Amino acid sequence: GEDVEQSLFLSVREGDSSVINCTYTDSSSTYLYWYKQEPGAGLQLLTYIFSNMDMKQDQRLTVLLNKKDKHLSLRIADTQTGDSAIYFCAGVNFGNEKLTFGTGTRLTIIP
Amino acid sequence: IAGITQAPTSQILAAGRRMTLRCTQDMRHNAMYWYRQDLGLGLRLIHYSNTAGTTGKGEVPDGYSVSRANTDDFPLTLASAVPSQTSVYFCASRKSQGYNEQFFGPGTRLTVL
Chain U
1 GEDVEQSLFL SVREGDSSVI NCTYTDSSST YLYWYKQEPG AGLQLLTYIF
51 SNMDMKQDQR LTVLLNKKDK HLSLRIADTQ TGDSAIYFCA GVNFGNEKLT
101 FGTGTRLTII P
Chain S
112 IAGITQAPTS QILAAGRRMT LRCTQDMRHN AMYWYRQDLG LGLRLIHYSN
162 TAGTTGKGEV PDGYSVSRAN TDDFPLTLAS AVPSQTSVYF CASRKSQGYN
212 EQFFGPGTRL TVL
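These protein sequences, in sequence, are chains U and S.
Once you know that position 16 of the first sequence is 16 in the working numbering, the rest is easy, because the numbers rise by one and skip nothing.
Once you know that position 106 of the second sequence is 217 in the working numbering, the rest is easy, because the numbers rise by one and skip nothing.
By construction, these hints were calculated from the structure, which means they are not laboratory data.
Here the structure is a predicted model, which means the values were calculated and not measured.
For lysine to aspartate or glutamate, the following DMTMM-like pairs were computed, each having C-alpha atoms within a straight-line distance of at most 20 angstroms:
1. U:98 with S:212
2. U:98 with S:183
3. U:36 with U:83
Given only the sequences and the hints, what does the whole structure look like? Please build it.
Here it is in structure tokens:
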């Protein structure tokens, strides 16, 4: 099955860019997702990328996918205090309904 | 109701007791899931259902059972709770295959003493 790994913690100064990294093992993953979990809440989808894409940009968010290295990253430009949360990457294979989640990265913003 | 609801919000339970966590969605999604979230382990899939009337085992199914009698409801039952089942439980649903966002409920915090 799929294994997805992330660093557990990241601290960034307000206004700087945050880069959250994720590595996965299953090269047949069709869709890769980034979810955000705010304290005491469920997960909300931030963005996703198809496996045939290298990059996707959505306002302050940039997703980069390196299929060769099985590496996914999420860049948050101009990080704000409201970006404090746990960020999960997840992957799914087409035809397999099950997402595999990473361990989550807790992003802390330093004023 | 809009989206996914879970009940109860939190529960403290004595070991050995039976407990059912409820999950209801009003989006007519085919697929539903139960995850548990533990610090340092992320979300782990317990059970899933691709459509009403079918269920499947996830990564950590032992000690849990589910049923999917209709499209909207997907209860998770702990037949005899143990302390290692202390966790935050999330229900989720997804429309169908391909790219479709998986929506999450607000979670149930369960403590087994």
